[in-house]
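Visitor: The lines below spell out each chain.
Number of protein chains: 2
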Amino acid sequence: MSVIEISDGDDERLADYMRLRDVNLRKRLETEHGLFMAEGEKVIRRALRAGYLPRSLLLTRRRIATLGDVVEAVDAPTYLVTEETARRTVGFDLHRGALASFHRRALPDVVTVLRGARNVVVLEDVVDHTNVGAIFRSAAGLGVDAVVLAPRCADPLYRRAVKVSMGAVFTLPYARLTDWYAGLRTLREQGFTLLALTPDPTAPTLGRSLATAGPDNRHALLLGTEGDGLSSRWLSWADVCVRIPMAQREVDSLNVTAAAAIACYELAQAGG
Amino acid sequence: MSVIEISDGDDERLADYMRLRDVNLRKRLETEHGLFMAEGEKVIRRALRAGYLPRSLLLTRRRIATLGDVVEAVDAPTYLVTEETARRTVGFDLHRGALASFHRRALPDVVTVLRGARNVVVLEDVVDHTNVGAIFRSAAGLGVDAVVLAPRCADPLYRRAVKVSMGAVFTLPYARLTDWYAGLRTLREQGFTLLALTPDPTAPTLGRSLATAGPDNRHALLLGTEGDGLSSRWLSWADVCVRIPMAQREVDSLNVTAAAAIACYELAQAGG
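Protein sequences appear in the order of chains W and Y.
Under full-length UniProt numbering, the first residue of the first sequence carries the number 1, and numbering increases by one thereafter.
Under full-length UniProt numbering, the first residue of the second sequence carries the number 1, and numbering increases by one thereafter.
It should be emphasised that the hints constitute simulated quantities derived from the structure, not laboratory data.
Hints are supplied without guarantee of correctness; some may be wrong.
Straight-line distance between alpha carbons at most 25 angstroms, and here's what the computed SDA-like set of lysine to any residue pairs gives [unchecked claim]:
no. : chain 1 : residue 1 : chain 2 : residue 2
1   : W       : Lys42     : Y       : Asp125
2   : W       : Lys163    : Y       : Thr130
3   : W       : Lys27     : W       : Ala50
Next up, chain W with everything else stripped away, as it sits in the complex (with noise of 0.2 angstroms):
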């Protein structure tokens, strides 16, 4: 509603903006205050119609009328500076000339996003913000139905990975499992048949692993961590590991976001 101009980057009301890229302090301050950033006109518009709620908005002068609307709509301030104040509080060049701090919302409990769902992604421990938001995007793309992630897995709602998700995290419903060590039960409850995706040459391949499981199943495919893939532990939860087919060259494996497109793609023509 109201529009403030602000020209010192120190003041208070800019501290949800602070530091950006000093990913510590970001995840520190994000946790405690609930918040979480939306950079760019497309991705603040799909937060909002996804129905979170603004903290406040940040944008140089170039942004305030192609986002006027939204100014006008939302009931927070937006902060209007120049972008050499942008500069001195983001800690880096605002390309794109406009941010918004939103309000988290509690995440709903595993069973609830299962709920429904016919074909899930589960990750282990990835821990790359921008992976996260790749494989959220085609994820979401490729109608996988929600994601899982392992306690340690990174922030879906981290800025690096709502951007490179063009919002999918938004929409995309996802949980946190609490427990690592047993928390697969739960999928295995609900009636999913766990597929690990493993690099094994001696495993099955994907393709036909789904050309065999009948068109009623509910998957969940689960999927590992950027070096060294599932653990264990994980892979002893699965009821059936299986591989994308490589061809006999020096490189042996695909990265997570990859396999991951390419595993929700098998998923998706498996259900068509």
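Fit chain Y to the known structure of chain W by using the hints.
Guide: Chain Y in isolation, oriented as in the chain W frame:
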């Protein structure tokens, strides 16, 4: 062969390693001197196995043991530095503790890399080094035979692309078109069917197009720039526009690396 301790981060023998995060400086320096950077033990070994000649190595003391055989074998100096000196030179903490500068080789021409190739990927102006590296890794892993780059596509031998590709840029043959406007004619003349990947929901799916194409076809998969996709000029060259089927969600497209992974996977499946 020789190990030379250097304690001055400004020593001119370290010139190849200067300010690795300064993209503009690096592009100029690497072009002028015909060099590229490999980072980390695994990638350095892959560059050597692919036959690239090193100009020098830069190691911290922690890494000298793990690369001892390489240091012995190569006909190039190894500069041994402290972590502090490495940081001063390259501009960040060199966690992996190992860098090597290699001589570039002349790229083969397009006709040469197409010879004997069955499936190729053609990148139009993909400008992000991370994306180029990720696409090379997926393409190599999934059995694509070569990559052709538009004149303005990002350099696969740039440090970040090399790293993300896990060295796939060393083994997967690639060439660069000199003519953006009419360069695709060469692929046509070599008998390739040009498939343009598009988000257009009215296009036939990639899977269906490949299923009807017959097993003997040679396919060139055209992928466009991150933001806007393929240019209308390149679309007009395509034999057929194809899409990856998307769910009816707010996410209406995949990022270019996810799309590339799925498309390479489909090409591999169709060829199998």
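Visitor: Against this structure, judge whether each hint is valid.
Guide: To see whether the hints hold, each was checked on the structure:
no.: 1; hint: Lys42(W) / Asp125(Y); in the structure: holds (23 angstroms)
no.: 2; hint: Lys163(W) / Thr130(Y); in the structure: holds (16 angstroms)
no.: 3; hint: Lys27(W) / Ala50(W); in the structure: holds (23 angstroms)
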